[in-house]
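Each residue of the sequence shown is one higher than the last, beginning at 329 in my numbering.
Please keep in mind that the hints were generated in silico from the structure rather than gathered at the bench. Be a bit skeptical, because a hint or two may be false.
[Said to hold, decoys possible] Calculated lysine-lysine pairs in the BS3-like style (CA-CA distance at most 27 Å, straight line):
(1) 493 x 518
(2) 518 x 434
(3) 525 x 493
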Amino acid sequence: MDVEATVVVLIGLLGPASVIGWPLLKQRRILVPWRIGNALLAEGRFAEAEAKFRETLEMARGRFGADHWRTSLHMNALALSLVGQNRLDDAQPLVERAFAIADAQKPLPHPDLALVFVGASIYWASRKDEARAQTLLDRARREGRSSRHVRAAIERTVVVRAAQKGDEARAADAYSRVPSELLKERDVGKLARLGLKLLHAGDARRAGQCLRAALSVVTRVSSGEFAEAFYRGLLGEALVRDGHEEEARRELEQAAIDYDAIVGGSHPAAAPVLVVLAELRARMGDDDGARSACKRVLRLAVPATTPVEPYRASASAADPLEAERDRARALLARLGQPT
């Protein structure tokens, strides 16, 4: 597992919604270094995170004892900071001890303890022992199923591992199991890139899953902005390809309305949405609506004084707007409308 991928997983595992709710961690003395350690991990500053987790591990040993299950979580955090530095030999005794403590709990006293199995899975994946890593991940899924945050951490681990192997379908399925309210802004770009790859590969259903999730996050954090219209348009295209025509029409029409409100009625950002909408309307028997959308595309113009947003992530032509105009002209010709 490379360092960047490890960072993604570490953030999911050690975020503030996890173990900091315990009575011990409510005490400022241990809460502060724990939070700082997590922030450092998020920035990829693993050596500094290591120092903070050594501090919290010592505190946990003093409060609970070396063999307490809560102490094992601090071992896990420290081990993962070492994995982030590719210091696998240093991490191994911490991983093994944390696992032994967690493994002895029958049943687990808290679902967060399943994160120790996730940490061990990440470690063994870094050692290229995929069979052991998968066995540990499966166990973590069973043991932590009662906690949304643990489930999210597990599925994020699956996303990273699947992406490393180029298995976009498995990554999309894992992302779909992360509770939507736990998706963050940092997930939007990953979901969109994954969705576009799947769309180009012909897997419109999973592409729609990813793009719908991206749109839900964007709508939650920045309603009414350009990104919302952009992702809504991509979702509409995925829905068209997946055969959900009525839902696709609603999303595409809303995306066109949003573009008008945000960048104006003549901005080229709306071109791909309008062309897909025109093609859909024609397929649904609304020739007049299709013609109207095509004519709007032909009236669009690149602003002379402002930069144009990358309004179609998959565009490769030197002039994406002209490519969309060609599609609109071709559709008008099929509909018997002179251009």
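For the pair supplied as a hint, residue 525 and residue 493, confirm whether the alpha-carbon distance does not exceed 27 Å. 14 Å, holds
Tell me if the straight-line CA distance from residue 493 to residue 518 falls inside 27 Å. 15 Å, holds
Holds or violated: are the alpha carbons of residue 518 and residue 434 at most 27 Å from each other? 37 Å, violated
When held up to the earlier numbered hints, the structure conflicts with hint 2 and nothing else.
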